[in-house]
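Quick note on my numbering: the sequence shown kicks off at 320 and runs consecutively.
One or more hints might be untrue.
Label-pair restraints from in silico Cβ distances [claimed, not checked]:
hint : residue 1 : residue 2 : range
1    : 334       : 372       : 14 to 20 Å
2    : 360       : 394       : 29 to 35 Å
3    : 343       : 366       : 28 to 34 Å
4    : 334       : 360       : 26 to 32 Å
5    : 329       : 350       : 14 to 20 Å
6    : 356       : 334       : 14 to 20 Å
7    : 376       : 328       : 15 to 21 Å
8    : 364       : 335       : 16 to 22 Å
Note that these hints are calculated values from the structure, not bench results. Virtual Cβ for every residue (Gly too), placed ideally from N, Cα, C.
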Amino acid sequence: MTNEGPIDDVPIGSEGIRLGQFLKFAGLLDSGGEVKEAIADGDVTVNGEVDRRRGRQLQLGDVVTFEGRSVRVCP
320 MTNEGPIDDV PIGSEGIRLG QFLKFAGLLD SGGEVKEAIA DGDVTVNGEV
370 DRRRGRQLQL GDVVTFEGRS VRVCP
């Protein structure tokens, strides 16, 4: 896994969140349309691997990266 920068912790206040929701919640993308396009284009990675499922259930500790910015799912 390549790290292009620091990883920011983003508390979600629960046990899990879907990838599409988390991208907006963490401020990586602004709209559902942007999320759909970025994921479909393979621009989003989860724990270093491209994931094209908006509905993927993220777990605490997962690291999501988009355009060189990485954020970790925290409680």
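Is the gap between the beta carbons of residue 356 and residue 334 within 14 to 20 Å?
Roughly 28 Å apart at Cβ, these two residues miss the hinted range, so it is violated.
Given a hinted range of 28 to 34 Å, is it respected by the beta-carbon distance of residue 343 and residue 366?
With Cβ atoms ~19 Å apart, the hint is violated.
Does the Cβ-Cβ separation between residue 364 and residue 335 fall within 16 to 22 Å?
holds (18 Å)
C-beta pair residue 334, residue 360: status relative to the range 26 to 32 Å that was hinted
With Cβ atoms ~29 Å apart, the hint holds.
Has the hinted range 29 to 35 Å been met by the Cβ atoms of residue 360 and residue 394?
Given range 29 to 35 Å: holds, Cβ gap about 30 Å.
Starting from the range 15 to 21 Å, see whether the pair residue 376 and residue 328 falls in it by beta-carbon distance.
Roughly 19 Å apart at Cβ, these two residues keep to the hinted range, so it holds.
Hint check for residue 372 and residue 334 - Cβ pair distance inside 14 to 20 Å:
holds (18 Å)
Take the C-beta atom of residue 329 and the C-beta atom of residue 350, compute their distance, and say whether it sits inside 14 to 20 Å.
holds (18 Å)
The structure fails to meet hints 3 and 6 from the earlier list, while all remaining hints are met.
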